[in-house]
Every structure is written in C-alpha cells, then in structure tokens.
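Colleague: One-letter residues, chain by chain:
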Amino acid sequence: MTGGEGGHDALFDRAPDDRVRVLDESGALVGTPPDMSDAELVEIYRHMRLARHFDERAVTLQRQGRMGTYPPMAGQEAAQVGSAVVLDDEDWIVPSYREHAAVHVHGLSLSEILLYWMGHGAGGWGADANVFPAAVPIATQIPHTTGLAMASKLGGCGGEDGGVSGNRPQAGDAVACAYFGDGATSEGDFHEGLNMAGVFDVPAVFVCNNNGWAISVPRERQTASPTLAGKAAAYGIDGVQVDGMDPLATYRVMRAAVEKARDPDERPRPTLIEAVQYRFGAHTTADDPTVYRDESEVAAWRKRDPIPRLERFLRETGRLDDDRIDEIEADVRAQVAAAIERAEATARPDPETLFDDVYAVRTAELDRQRATMRRLRDRYGDDAFLRD
Amino acid sequence: MSTDTRNLTLVQAVRDGLEIEMHRDEDVIVLGEDVGKNGGVFRATEGLYEEFGKDRVIDTPLAESGIIGTSIGMAAYGLRPVPEIQFMGFIYPAFDQIVSHAARLRNRSRGRFTCPLVVRAPYGGGIRAPEHHSESKEAFFVHEPGLKVVIPSTPADTKGLLASAIRDPDPVIFLEPKLIYRAFREDVPAGDHTVPLGEAAVRREGSDVSVYTWGAMTRPTVEAAETLADEGIDCEVIDLRTLSPLDRETIVESFEKTGRAAVVHEAPKTGGLGGEITAILQEEALLYQEAPVKRIAGFDTPVPLYALEDYYLPSSTRIEEGIREAVEFP
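Taken in sequence, the protein lines are chains E and H.
Reminder that position 260 of the first sequence reads as 260 in our numbering, one-by-one numbering, no gaps.
Reminder that position 329 of the second sequence reads as 329 in our numbering, one-by-one numbering, no gaps.
Bear in mind the hints are in silico, worked out from the structure with no lab data behind them.
Ideal placement from N, C-alpha and C gives every residue a C-beta, glycine not left out.
Each hint should be verified, as a subset may be incorrect.
[Unchecked claim] Some chain H residues judged to face chain E by a derived CB distance under 7 Å, without partners named:
no.	residue
1	38
2	65
3	69
4	90
5	131
6	301
7	306
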C-alpha cells in the first residue's frame, strides 16, 4: 500500500489550521480517500464498533462496582483506530490512559485492558505487543517515545541486554508513536520530548488526541496558541491538524507520518499530529462533566460521531450492508462479553506478588517483609488485611 | 473566637478553611488544575470560583511545574498562593520548583525574598484509585530544609492547620488524607480557627507504649489501641500533625513515660519517617528504652493496583500485632 497522496508534501506543507479531511459529518467525501482495500476499510469500522461497545460495557462495569475508575473514550475511536492500524508489529505505542482502542488494535487484548482497570497488575501492558504501560501522569510518555525512537534509529535495543525482553527485532526502522491529550501539550515533558525528537531527527509520531477538555479546562484555556499542530514549528518538525473524528483522514495523515519516519527522505522525521475530536463522556467515571460544560456542546459534537459517518460512506459505496453490519454487531458483542468473562474469571493476584518485580532480584529486606506478610496471613488469614 | 461550630467532613473543612482565609486576606489566591469552575476533583474548592472570581481562583493549564513555579513568583511579590496539586503522585514535575526554589528562596537571598505558599495535595491510598493516585511520599519533603510539612487527621485540625499554614511566612506542604476526606464528620469551629504548626496531638493517653502516627493511619491506630486495651495493653496514641518541624518534645515526653514505641505510617518503611522518629528516641531518651521501636508501615514496593492495596496498607491487625511486639519484648 502507498501513502496514496503522491508524496507527503500535500499533507504536511499546509497551514496548521488547514485541517485534513476525507469524510464530512454525513459521510460524504470531501477529500482524497486513502488507498485501502475494502476489507481494510471494513476492519476500521469493525474496530470502532468494538471500541464503542467495549467502552459502554466498561462504564457499566464500573457503575456496577465490578471495576474501578475508568476513563471513557466514546467519540475518540476514529483517531485511535485510524492511526493504530497503520502501525506494524515492531512499532511502538506509548499510550496515555485513554487509548483503549489504539492499544487493542496494536495487540493488547481486551481482557488485559479490563484487568488493569480492575486493579490487577497482570493487565495494562503488552505481554506480546509493543505497547508501553499507560502513562497516568500527564505527558510523561512523550520523552519515552523520543527515547524509543532514538533506540530504534541507533538499532541498539534488541538482543539479550535490550530494554525489552524476548521478541524485539534488531531492525532500526521501528516507529514509536505517542498518544496524549490536549492538556499534555502544556506540560514541560511535551516540550522536552518534541524538542529532542526534532534535534535527534528520530522516527517518532506524536498523536495529540485533542478532545477539547482536560478534565474541566477547555482547550482555549490550555494554551493561547491557535492550534496545537502549530507548536511543531518551534521544534522544527512537521505539525498537521486532522479531523480526528474522521477515521480515513486520520489514517491518511498517520500513514504519511509513519512512512516519513521510516524513510526520512530529505525531511525531518518526527511529526506532530493534532487530531481534533471530542470526548462524549466524562473524563473518568469519577468525573461529572455537567459541572463544566453544556449539554448543547456535547450534542453538537455527537453529530460528528465517527461511527455512523464511516458506516454511511461504506454503505453508499457498496462496501457494507445490513447483513454484514449485523454480523459485526454480534461479533463485537461476543468478543467483549468473552473478554469480560475472562477478566472476571482471573483470580485476585496472590498478595505475595506485591514483592515481585520491584527489582530483578528481590532484596533481603523485601524477603523479610514478605515473610512478615506470610506470617500474618498464616496466623490471622486474609481478613486481617481486607477492609471490605 | 466564636463558639459556633459546623459539622463538617475533612474535605469540607479544607473548603471552609480556604474560604475564611480568602475573606480574611485578599492576597490569598487558589490555583491549580480544575480548582475553579469544576470546584476541584474532590470538591475541595467548590463554590470558591463563584465567590471570589477567576482572578483569585485560577484554573491553570495542566502544568505542575508551572503551577508551583508561578506560585513562587507570586509569593515572592506579596501574594499568598495556595496551589493545589491534584494528587500527590503528580507532584514530581514540580519537585524541582519545590525543593530547589520554594524551599530555599529565603536562604538564597538572605531573607530578602520569601516564599509564603501552601502546596495542597491529596495523598495516600485506600480508595481504589487508579495507578499513581495513592502515593504517600511525605518523607521526600520532610527531608528538604526550608519546607514545613503538615498532615491533618481530623476536620477541625484540617481547618485550623490550613489557616496556620496559609499565615505562615514559609512554604508549607499540606497533605490531605483523601481516604478520610468523607469518612466522618465532626464539629469544626466556625469562623476564624487556627491550630499551631509543629504541635502533635495526644489522641489517647496510655502508659505502656507510645504509638506515633499521622493522617489516615490515625483512626485505625486509635482503633487498634482500643482493641489492645481489652488485652490490658495501654497505648498512648500521638498524632504528629506536623511532620516538619517534628514536635520532639511531645514525642520524647511520651516515650519517657512508656519506654516502648511503635510508629505507624502508610509510606514505605525504608527511608520513611518511622526511622527519623526512632532516631529521635535514640538521641533523646536512650536510657528510657525498653524495647526496639517497631515500625508498622507500607511495604517497600510501589503502591499496588487496587486489587492488592489492602495488603499494602497497614491494617488494624498489623498495627495491633506490631504494638504487641513492642510491648511484649523481650
């Protein structure tokens, strides 16, 4: 597959507020569609449907007390799916905590994602996928992404002593992709990470999922910069704004950015993508957005929902019909139900695992503390610890 | 002082304390992430934005280093900023500003510039929060000369200590035990109310063993003391309230009476304040000592995800067991 754009210039040589679009709100073509097969297009649709259903179930699980605090992503599926499908297995995703769809596309199972939000340390990171643990402190993953890309460029992170165990290829062309929100662009780590990426000319893509709100603070109170994409100019790298609720536009921009990262040509390699979108729900299940934003704003953005938009395009171009949609719906429901079942069937972790993986080799003091726990549990049972 | 009281939770006492100080002194301003229109993610600043306006209750961009750094500038130039860091686990981007600048501005300028600010942050575990939301790293800040560190354990103390912290001429790290933000209510003096910094509170008098604690661990420690009383062990429970400077006099006085001690904190054991308190007892009251000082603390592991957090936090059983060891020695 090619970038489909006849070179990247058309995508990157544009004003920061010249938003890349392919589908409008109604699903009509307003830009060049990416060069993709029918199956690939339907797969993006299926992933978005899966993400939406997963998200709805996850919020319900939290409400039912079956899961802890959860950050919903409804509304943001297009930017996550449209970008993540571009990545190859050896590429890295370095996510924030709201990138459930992106990390799933890149290989993290749904039950692994659920386990993390169920407070279980076995979840949240990629056992077999190049997915970093979700960064909860804002923007902290951005310099990590630059570092992964530096290691990829230097070709030094494979093998026995590599930073990751097991299956890392030696290849120096893996791309590192950070996902973060609009609020993250105000943090020092955003500046430092992008600045170094520009200086070292690394194969990285920085995807800013600008959903308009950092908890209660709107995008306009986050920065006086007219766009977030425009910040790239300060680092000497490309910055491009895309309709983040248009999966095909996101795909096109991401594809061009990844190709530029892999094959640098004469241009600086990293790219900042500002994917403009909206979070339909709360910041987390512990948040009440009605305190700080109007329902009318939410309603307006719901009209730009990426899923019906792509569905309509695919229907009208004969790529999708009722039967196929029903099939996808059933498939998505079954997949999410199975993931929930698997996560809930996973036993509470052995309390002694608390002492594992603090260091490569457990210290003598940790051994003593583990023995203390064991003695207390032998003597009093787990009720001595559990408050519920 | 007024004799009126209001029945408040701990987090309501934070809000009440802020409101009263903002009325008393128009130089007091609140700033941080989501503190304004949203009223704080724990509602600790609810209504203040409406009452005092956007220039005194400032919603900032997401930038902890920037929040503290700008607070330092404001404090040096006459304001009394009370910045909020949303959770203690997110304080680290501001660490450089706190320890390299806030803590030593006075010292570096030989008193010309000062930094009267209060950094508020919810701290501690036990609420099934996501990762990085349950840290208890008070020892980092106690270790830094020039800072004061305060942790209340009751609503009335919260209001009184916060007022004292805001009026204090030096930077104060004010850590709020979010596990007990809404756990109970008590009568809190209405209007002006201060509790002096640097003074511990004896929560239960006893003669067999001195138990030192603070913040959210105070309640389970008092409960453990009551259980142990039935076994004939008479605990003196001391809530330190201010961790820097420590109330050495109260710490030592109690130990001279009992000769035995335990320290309870939820922070990791190694390098925690339990070690400092033990050292104080060694320095000041060695000849009274009848048993090793027992430290009952969080384990030396990262705070686990919530499925295991009960195993990490000192429970009443662990506290009772530890105190028994201190009492039964040898």
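Colleague: Looking at the structure, which of the earlier hints fail to hold?
Modeller: 3
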